[in-house]
Amino acid sequence: MIWSKAFLAVFWFLLGWTSVSQSRPLIADLSQTQISITTSFKGTHLLLFGAVSEPGDIIVVVRGPDVPTMVRKKKRVGGVWVNGPGVNFENAPGFYRISSSKPLPKIAKPEILIENSIGYRSFEMLHQGEYRAALIRLKELSGLYATKSGGVKITDNQLFRAELNFPSSVPTGPYRVEVHLFRQGILVDTYSKQFRVRKVGLEEAVFRFAHTHSAIYGIMAIILAVVAGWAAGACFRRT
Amino acid sequence: MDFYFPIAEMSLNALMLLGMGFGVGLLSGMFGVGGGFLMTPLLIFAGVPPAVAVATEANQVVAASVSGVLAHWRRGNVDFKMGLVLLGGGFLGSTFGVWIFTSLRKLGQIDVVISICFVTFLGIIGLLMVIESVNALIRYRNPAGRPLTKLHQHTWMHGLPFKMRFRRSKLYISALMPLGIGIFVGILSAIMGVGGGFVMVPAMIYLLGMPTSVVIGTSLFQIIFVTANVTFLQSIHNQTVDVLLAALLIFGSVIGAQVGGMFGSKLRGEQLRALLGLIVLGVGVKVAWTLIATPSELFTIGVVGQ
Numbered sequence: 001m002i003w004s005k006a007f008l009a010v011f012w013f014l015l016g017w018t019s020v021s022q023s024r025p026l027i028a029d030l031s032q033t034q035i036s037i038t039t040s041f042k043g044t045h046l047l048l049f050g051a052v053s054e055p056g057d058i059i060v061v062v063r064g065p066d067v068p069t070m071v072r073k074k075k076r077v078g079g080v081w082v083n084g085p086g087v088n089f090e091n092a093p094g095f096y097r098i099s100s101s102k103p104l105p106k107i108a109k110p111e112i113l114i115e116n117s118i119g120y121r122s123f124e125m126l127h128q129g130e131y132r133a134a135l136i137r138l139k140e141l142s143g144l145y146a147t148k149s150g151g152v153k154i155t156d157n158q159l160f161r162a163e164l165n166f167p168s169s170v171p172t173g174p175y176r177v178e179v180h181l182f183r184q185g186i187l188v189d190t191y192s193k194q195f196r197v198r199k200v201g202l203e204e205a206v207f208r209f210a211h212t213h214s215a216i217y218g219i220m221a222i223i224l225a226v227v228a229g230w231a232a233g234a235c236f237r238r239t
Numbered sequence: 240m241d242f243y244f245p246i247a248e249m250s251l252n253a254l255m256l257l258g259m260g261f262g263v264g265l266l267s268g269m270f271g272v273g274g275g276f277l278m279t280p281l282l283i284f285a286g287v288p289p290a291v292a293v294a295t296e297a298n299q300v301v302a303a304s305v306s307g308v309l310a311h312w313r314r315g316n317v318d319f320k321m322g323l324v325l326l327g328g329g330f331l332g333s334t335f336g337v338w339i340f341t342s343l344r345k346l347g348q349i350d351v352v353i354s355i356c357f358v359t360f361l362g363i364i365g366l367l368m369v370i371e372s373v374n375a376l377i378r379y380r381n382p383a384g385r386p387l388t389k390l391h392q393h394t395w396m397h398g399l400p401f402k403m404r405f406r407r408s409k410l411y412i413s414a415l416m417p418l419g420i421g422i423f424v425g426i427l428s429a430i431m432g433v434g435g436g437f438v439m440v441p442a443m444i445y446l447l448g449m450p451t452s453v454v455i456g457t458s459l460f461q462i463i464f465v466t467a468n469v470t471f472l473q474s475i476h477n478q479t480v481d482v483l484l485a486a487l488l489i490f491g492s493v494i495g496a497q498v499g500g501m502f503g504s505k506l507r508g509e510q511l512r513a514l515l516g517l518i519v520l521g522v523g524v525k526v527a528w529t530l531i532a533t534p535s536e537l538f539t540i541g542v543v544g545q
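So the protein lines, in turn, are chains A and B.
Take the first sequence: its letter number 177 is residue 177 in the working numbering, and every next letter is one higher.
Remember, the working numbering sits 239 above the position in the second sequence when you count from 1.
Read the hints as simulated data drawn from the structure, not as lab findings.
C-beta atoms are modelled at their ideal positions from N, C-alpha and C, and glycine is treated no differently.
Some hints could be false.
Claimed, not checked - Below, a list of computed lysine-lysine pairs in the BS3-like style, where the Cα atoms sit at most 27 Å apart:
1) A:K109 / A:K153
2) B:K505 / A:K74
3) A:K73 / B:K525
4) A:K199 / A:K42
5) A:K75 / B:K525
6) B:K505 / B:K409
7) A:K42 / A:K106
8) A:K199 / A:K102
9) A:K109 / A:K148
What the hints assert, rightly or not - Covered stretches of chain A (in silico footprint by chain B; criterion: 3 or more residues with CB under 8 Å from a CB of chain B, positions within the stretch not fixed):
10) 56-69
11) 131-143
12) 223-231
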């Protein structure tokens with residue numbers, strides 16, 4: 001990619017900056033501070049890049065806004081599969097993806113990872129067991145959750161980059177990306193940055209109008225339908 | 240050609256949506272059914288959240304019905320008087336139906352009731368229509384054995400008060416009958432989230448004894464108002480009508496409805512009924528299968544409140 005060369009230039013700048021100042025063991029930045037959802041939005045990716053003063057292991061955690069999620073299990077009643085009672089996960093993140101330079105167990109002990117809100121096991125969920133497992137499995141299937149090792153590439157033991165992917169169904173709202181630097185299983189430094197996913201242009205206008213002027217929106221939807229139906233009828237009569 | 244839809248909050252292929260709209264429009268023009276009973280499951284299958292699918296579909300059915308009713312109106316195949324009486328019942332019924340819907344949802348049983356309603360009504364109506372129209376087709380082939388019958392059979396229903404003359408339908412019956420059918424179908428459409436044409440059409444043919452030619456136009460006329468009401472209520476209460484999604488579906492369906500109207504006028508009543516019967520039966524079998532077959536994924540997730 002052309003712009004990855006541009007970022008490489010930024011890397012070298014960052015590297016120069018770190019070797020001069022040495023103020024922090026870890027610095028990083030994102031290619032954009034906002035993901036804009038336009039009409040042609042099909043999902044996107046952000047580039048996270050940064051530098052470390054000394055070699056170590058990197059874990060990147062991206063967490064989206066909480067989306068209360070209901071998980072239901074089907075059960076058989078009289079030969080028919082019906083939805084059984086559900087479990088409501090109030091604090092389920094709408095988006096949660098981890099990238100790391102190595103498999104997580106090789107970077108730090110599970111307790112240390114949980115302590116630093118890294119991994120599914122750190123989720124504050126009252127319900128454990130199969131409902132929780134199903135939530136994670138289904139969210140992973142839709143591309144909203146992932147724990148991908150190897151997503152972070154380290155070059156020359158000092159520069160690192162990670163491509164963060166977002167599917168088209170990415171929830172809107174505030175996001176937080178946290179970059180953790182570990183050495184010999186100990187957390188050395190954490191860098192965090194926020195960004196937003198938001199609808200823009202037509203997408204934003206329609207969504208906002210539907211919520212602020214619901215009645216007018218409904219009437220306009222009906223008028224649109226009647227006019228479209230009428231127009232088609234009129235066109236076909238002539239032919 | 241992918242588009243991101245602001246209320247559904249996902250991107251979908253535009254050509255696929257136009258094709259789905261055309262197919263369902265074709266059915267509504269041919270049979271006078273809104274097509275909601277096909278489109279809603281299709282949208283959910285494409286990944287649209289169920290709440291958005293149901294509400295947006297109502298908006299699309301408004302357009303398909305307007306487009307379809309014009310073709311029938313031009314041929315004088317709409318009984319407006321009958322349509323208004325059915326509509327009166329429809330508004331009463333759907334108001335009551337929304338109350339039932341809310342109560343069932345509080346009990347956590349709405350999904351089961353919807354599925355069972357679908358299987359029961361699609362199955363029974365599809366089967367009855369296929370049997371009846373096949374019999375009619377057999378009689379048509381052997382005119383020698385065709386018994387002489389009256390225009391329609393007289394039953395206890397014809398003894399009810401408030402008799403009204405419906406000229407277009409060539410009927411002189413109690414207004415309570417179409418009103419009652421309107422109420423019943425209104426309840427069903429509120430619970431099942433469909434226009435109710437697939438119940439209304441057979442009820443008009445078999446219970447009221449209306450001529451098939453008038454039934455389709457009259458059913459479409461009535462569906463316009465029921466689905467417009469649903470669109471409005473869903474917009475106000477749930478903000479789940481996606482106009483951009485509806486616009487694409489509408490574009491496909493209004494064209495489909497015109498083409499369907501032309502096909503429909505070329506087919507004989509029995510053939511039309513047999514074909515609709517088979518489609519209704521097919522969907523019924525499909526829903527029954529999903530209820531009975533062991534699902535590959537036992538769990539489902541949904542956003543709370545939808």
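Hint check results:
For the suggested pair K109 (chain A) and K153 (chain A), the alpha carbons sit about 22 Å apart, so the restraint of at most 27 Å is met. A distance of roughly 46 Å separates the Cα atoms of K505 (chain B) and K74 (chain A); the hinted pair therefore is violated under the 27 Å criterion. With a CA separation close to 21 Å, the supplied pair K73 (chain A) and K525 (chain B) stays within the 27 Å bound. Under the criterion of a C-alpha separation no larger than 27 Å, the hint pairing K199 (chain A) with K42 (chain A) is consistent with the structure, at around 13 Å.
Taking the CA atoms of K75 (chain A) and K525 (chain B), the gap is about 19 Å. The hint holds against a cut of 27 Å. Using a Cα cut-off of 27 Å, the hinted pair K505 (chain B) and K409 (chain B) holds, with the two alpha carbons roughly 22 Å apart. Distance check on the hinted pair: K42 (chain A) and K106 (chain A) sit about 34 Å apart at the alpha-carbon level, beyond 27 Å; violated. Restraint check for K199 (chain A) and K102 (chain A): not satisfied, since their Cα atoms lie roughly 34 Å apart, outside the 27 Å limit.
The suggested pairing of K109 (chain A) with K148 (chain A) holds, with an alpha-carbon distance near 17 Å, which does not exceed 27 Å. Coverage of a stretch by a chain is defined here by at least three residues with a beta carbon nearer than 8 Å to that chain's beta carbons; for the region 56-69 of chain A and chain B the count is 3, and the condition holds. Counting residues of the region 131-143 of chain A whose beta-carbon sits less than 8 Å from any beta-carbon of chain B gives 6, enough to reach three: the coverage restraint holds. With 7 residues carrying a beta carbon less than 8 Å from a beta carbon of chain B, the region 223-231 of chain A meets the three-residue requirement, and the given coverage holds.
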